[in-house]
Each structure stands twice: as C-alpha cells, then as structure tokens.
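Take a look at the letters that make up each chain.
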Amino acid sequence: MLYSILCYESEALACGRTKQEDDAMMVRLRAVQRKLANEGKLGPVARLMPTTTATTVMAGREPLVIDGPFAETKEQLLGFYVVDCPTLEEAIEVAKLLAREKPHGALEIRPVAVFNPVGPSK
Amino acid sequence: MAWIDAALTSARPQVLGALLRYFRVLDAAEDAFQEACLRALKTWPVNGPPRDPVAWLIFVGRNFALDEVRRRSKQTELPPDDAIVCEPEDTQGELAERLDASHYRDDILRLLFICCHPDLPVTQQIALALRIVSGLTVKEIARAFLASESAMEQRITRAKARVAAAEVPFDTPGLAERSARLAAVTTMIYLIFNEGYSASGGTAHVRVPLCEEAIRLARLLLRLFPGESEIMGLMSLLLLQHARAPARLNADNGIVLLEDQDRSLWNREMIGEGLALVEKALRHRRPGPYQVQAAIAAVHAHAPRPEDTDWEEIDRLYEILETLQPSPVITLNRAVAVAKLRGPTEALAMIEPLAAKLGGYFYFFGLKGALLTQLGRIDEARTAFDRAIALANTAAEAAHIRLHLDRLLKDASLPANQAG
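Sequences listed follow chains A and B, in order.
Going by our numbering, the first sequence opens with residue 1, and the numbers climb by one from there.
Going by our numbering, the second sequence opens with residue 123, and the numbers climb by one from there.
Hints listed in this document are in silico derivations from the structure and should not be mistaken for laboratory results.
Don't be surprised by glycine CBs; every beta carbon is placed ideally from N, CA and C.
Misleading hints may appear alongside valid ones.
Unchecked claim - Example chain A residues on the side facing chain B (calculated, C-beta under 10 Å, incomplete): (1) Arg17; (2) Thr18; (3) Asn38; (4) Met49; (5) Pro50; (6) Thr51; (7) Ala54; (8) Pro63; (9) Val65; (10) Thr87; (11) Glu89; (12) Ala99; (13) Glu101; (14) His104.
What the hints assert, rightly or not - Label pairs and their in silico Cβ distance ranges: (15) Glu21/A <-> Asp189/B: 35 to 41 Å; (16) Arg28/A <-> Glu502/B: 55 to 61 Å; (17) Ala59/A <-> Lys261/B: 49 to 55 Å; (18) Leu64/A <-> Glu502/B: 56 to 62 Å; (19) Ala298/B <-> Val114/A: 29 to 35 Å; (20) Ala298/B <-> Ala99/A: 45 to 51 Å; (21) Arg17/A <-> Arg173/B: 19 to 25 Å; (22) Leu379/B <-> Arg17/A: 27 to 33 Å.
Based on the sequences and whatever the hints tell you, model everything.
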C-alpha cells in the first residue's frame with residue numbers, strides 16, 4: 001500500500017529556524033530517507049516553497065486565480081513523502097522516524113488512492 | 123528552550139499589534155507582551171505549547187494589563203462580566219475566532235507603520251522597527267549599527283517619545299490609507315535590507331542579520347497581503363540579492379563584483395523562491411519599482427556565467443524603471459548595461475550629465491573610473507578613483523577602489539598594455 005506522509009508545520013516557526021538548525025535537521029532527515037530507500041520503501045520526496053509563493057486556482061466554469069495558499073490555517077503543508085508500506089502500522093513507524101527529527105509540527109498519513117508518477121497510463 | 127524563543131519571536135508582531143490596539147499606548151503594550159512571555163516561559167515547558175500561541179499570548183497579556191489597572195484603582199467596583207480567567211486555555215479558542223485574519227493584518231501593519239513616522243530620521247525608523255516589531259535587544263541593534271549601546275538606547279527612547287506624541291492611527295484604514303501605509307512600510311523594510319546589504323559605515327560591508335530580519339519582515343507582510351504584487355516584488359528582490367551574499371566578499375572581506383563572483387556560492391534555494399515570486403508578481407501586469415528591480419536581479423540569477431547575462435533585457439528593464447521611478451542612481455545603473463552592450467564611450471556620455479546630482483556618490487566615481495580605464499584615459503580614471511576612495515562608506519569599498527588604482531599604476535608602468 002502506498003501512503004503519503006504530509007508534513008504540516010507553522011510556517012512562521014519553520015521560516016524562523018536558522019540556517020544551521022535547518023541544515024542539521026535536513027542531514028538527520030536524509031539519513032532516515034536513505035534507510036527507507038535501502039528498504040525499498042521510499043517514493044517521491046518534496047519540500048515545498050513557502051506559502052507566499054502559492055497560487056490557488058478555484059474550481060468552476062470560470063476558474064478564479066488567486067494569490068496565496070488555499071487555506072489560512074495555523075499550520076501549513078510544507079512538504080510530503082510517498083512511502084510504500086504493507087500496513088498502516090508500518091507507515092506510522094516510518095512517520096515516527098521522520099517526526100523524531102523535526103522540532104515541531106505534525107505528520108499526516110493519508111493512504112494513496114491513485115499514484116501515477118509518469119502521466120496517464122495507456 | 124529554543125522552540126519557545128522561536129515561537130515568541132514569531133508571535134511578537136501579531137501579539138504586540140493586538141495589545142497595542144487594546145491599550146493604545148506602546149509602552150503598556152510592550153509591558154503586557156513582556157509579562158505574557160514570562161508566563162509562557164514558566165508554563166509552556168510544563169504544559170506544552172498552547173494550540174494557538176498567538177491567541178494565548180494576547181489573552182494573557184491583556185489580562186495582565188487589566189489586572190494592573192484594577193490594582194491601581196482598587197476602589198472601583200469590577201463589572202461582573204469582566205471576570206479574570208486564570209487559566210487562559212478555556213476561552214482561548216473563542217478569542218482566536220474573534221481575532222480573525224483581517225484584524226491581525228491591520229494590527230501588524232499599524233505596528234510597522236508607526237515605526238516609519240515621517241518625522242523620524244530613517245536610521246531611527248529602522249532602529250525602532252527592529253526594537254518594536256522584531257524584538258531585537260538594544261544591544262543587538264547597537265551592534266548592527268556599530269553604535270554604542272547607550273547611544274542606541276537614547277536614539278530608540280527619543281524615537282519612541284516622538285511616536286507616542288504623534289497621533290497613532292487606530293481606526294481601521296480605508297483602501298487608500300491602507301495602501302499608503304503599505305508603501306511606507308515596504309520602503310522601511312527595503313531600507314533595513316539596504317543597511318545590511320551595503321552598510322553605511324564601519325568595517326563590515328555586509329551585515330547579514332539586518333538582511334535576514336528585513337526578509338523576515340517582508341515575508342510577514344506578504345503573508346498578510348498575499349495578492350500585493352509590489353510586496354511579492356520586494357520579497358523577491360530581497361531574496362535574489364541576499365542569495366548572492368556568500369559570494370560578495372572574499373576571504374579578506376574584500377568586495378567581489380558580480381561578474382567575478384563564484385556563482386556556485388549563490389544560495390539556490392533563495393534564488394528559486396525569488397524567481398517564483400517575481401514570476402507570480404509579473405502575472406498581475408501592475409509593474410512597480412520593486413518588481414522591476416526583482417526582474418533585473420532575476421536576469422543575473424538566470425545567467426550561469428557572467429558572459430551569459432542578457433544585458434539587452436537588463437537595459438530594457440532599467441528603461442522601465444527610469445520611467446517608473448526617475449532617479450540619477452537608476453540611470454547610473456543602466457549605464458553599466460549600456461557599457462556592456464554599446465561600449466564605454468556611450469555609457470560615459472550617459473553618466474556625465476549626472477555629475478551634478480551624484481557628486482557625493484561613491485558608485486558614480488567608481489563606475490566613471492572603470493569606464494575611463496576601459497577607454498585608456500588613465501589620468502582621468504585615477505582622479506575619479508581618488509574621489510571614490512574619499513567618498514567610500516566602508517573600508518571594503520575603499521580597498522576595492524584601491525585595487526583598481528593599483529592595477530592602473532601597474533598598467534601605466536607597462537605602456538604597451540595601455541592601448542589594449
């Protein structure tokens with residue numbers, strides 16, 4: 001089963017980290033990623049730019065384009081992983097490995113319904 | 123307790139802005155914020171952070187101040203509906219709902235805006251904003267300005283008194299008023315950045331903390347006004363400029379010009395964000411000076427090597443900037459592009475009429491000297507460089523020009539090279 005692990009955090013806090021703190025965290029996270037990759041569990045990993053770079057297109061017959069993120073929330077989606085785990089239990093263990101290396105925020109595990117990394121299948 | 127410090131710092135503008143709206147007196151708001159922070163340092167490590175730190179701090183700060191008022195006027199009967207809640211958690215959610223985003227926006231904008239009071243000299247505006255909005259200590263600000271702590275303390279106290287005496291605009295601003303405030307605040311953030319980017323005095327040529335603080339404030343402002351293309355432009359400009367910081371000075375703290383910089387040292391992450399923002403801003407088709415400057419910085423960022431720079435595009439962008447914001451400094455910058463495209467003679471003809479206005483400007487004589495050198499007019503070049511050294515703001519600027527002079531002298535002793 002593919003699970004997405006969505007990383008939510010207060011953007012103000014995430015942007016407030018010093019470069020040293022952030023670099024140190026990324027080194028620790030990459031170690032976890034390497035372990036997962038070696039076990040064949042790791043799919044795409046993405047870190048998103050701050051929500052100030054976001055553009056939102058509202059669905060409808062005349063789609064409306066607005067600046068900024070879709071939702072004004074205390075915590076924002078700042079990045080995500082896709083992991084391949086046989087059970088939710090194991091996905092939770094993976095999320096815990098990542099969570100231990102982050103200072104705050106939360107990781108939401110959402111099973112993936114459709115995953116197509118190379119565009120529409122024939 | 124690094125996470126508490128980080129949380130308090132990032133909450134500061136919102137909390138202080140809201141407390142200022144309640145109390146209307148800056149000192150009272152600062153005292154209340156201080157008290158709320160002390161409470162946070164005591165209770166958060168035990169209970170964990172509240173779900174909404176900002177609402178928690180506003181609530182606690184406000185209650186503290188109300189307590190103070192009551193303590194001072196014990197004879198007054200308390201209204202029953204104004205009971206003090208000791209544990210803020212219960213009512214926090216309710217409060218948070220009332221403090222909707224639109225309130226936050228104007229609170230923070232007001233807080234920033236009172237720092238750029240037109241009566242205050244620019245350096246005082248910056249110092250005040252760093253103290254009040256960013257919450258830097260007087261010591262940190264003094265270090266950034268290379269001033270003594272007592273001198274900085276005085277400067278900030280004077281600025282605060284000035285602001286307190288002035289009419290603080292507490293009404294919710296209308297559209298025109300809001301955009302006027304935004305313009306004043308963006309200018310101030312730009313000035314903070316500039317103070318860090320090319321320091322106006324002392325030994326350090328680049329002061330990274332000031333640049334980073336300006337970026338933090340711009341980010342805050344953009345989060346509040348995500349659709350303002352000029353704020354996107356400002357944010358983009360600051361990121362693209364700051365991305366080059368690691369390459370701008372060599373190991374001896376000497377200035378390294380754009381075309382000599384090791385581009386692998388540029389911060390790619392910042393460049394990526396800067397490019398994304400300027401692209402997004404230009405979609406609005408409401409160009410402004412910050413967007414155009416960001417677009418110019420973007421052209422440089424796009425060039426893997428100096429010789430790949432699209433000088434045509436830079437020349438075109440400076441032309442737009444000249445019409446948006448006519449200034450001899452912009453014409454001077456455009457002359458650099460013109461020199462690349464059409465040679466030093468044309469560039470020199472372009473900047474010579476600026477002499478009267480830029481007679482006290484370091485970069486004017488630096489560029490003039492460089493152009494004259496290219497034309498082999500060595501004596502005139504030397505005069506221009508001497509003038510630049512006299513006008514240099516930092517040791518690094520002076521040293522950089524001296525390097526040019528040394529090269530000139532070396533070339534002059536090898537007359538065969540002069541023609542080339």
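Structure-based check of each hint:
1. Arg17: Nearest chain B Cβ about 7 Å off; hint holds.
2. Thr18: holds, 9 Å
3. Asn38: Constraint on Asn38/A not satisfied, violated at 27 Å.
4. Met49: holds, 5 Å
5. Pro50: holds, 7 Å
6. Thr51: Holds - the Cβ of Thr51/A comes within 10 Å of chain B, reaching about 7 Å at its closest.
7. Ala54: holds, 8 Å
8. Pro63: At 14 Å from the nearest chain B Cβ, Pro63/A fails the 10 Å test, so the hint is violated.
9. Val65: holds, 8 Å
10. Thr87: Nearest chain B Cβ about 30 Å off; hint violated.
11. Glu89: Violated: closest Cβ of chain B sits about 26 Å from Glu89/A, beyond 10 Å.
12. Ala99: With Cβ-Cβ at 14 Å, over 10 Å, it is violated.
13. Glu101: violated, 14 Å
14. His104: At about 6 Å, which falls below the 10 Å cut-off, the nearest Cβ of chain B leaves the hint on His104/A intact, so it holds.
15. Glu21/A <-> Asp189/B: 35 to 41 Å: holds, 36 Å
16. Arg28/A <-> Glu502/B: 55 to 61 Å: holds, 59 Å
17. Ala59/A <-> Lys261/B: 49 to 55 Å: Distance hint for Ala59/A, Lys261/B holds at roughly 53 Å.
18. Leu64/A <-> Glu502/B: 56 to 62 Å: holds, 60 Å
19. Ala298/B <-> Val114/A: 29 to 35 Å: violated, 49 Å
20. Ala298/B <-> Ala99/A: 45 to 51 Å: Check passed, 48 Å falls within 45 to 51 Å.
21. Arg17/A <-> Arg173/B: 19 to 25 Å: Holds, at about 21 Å.
22. Leu379/B <-> Arg17/A: 27 to 33 Å: holds, 32 Å
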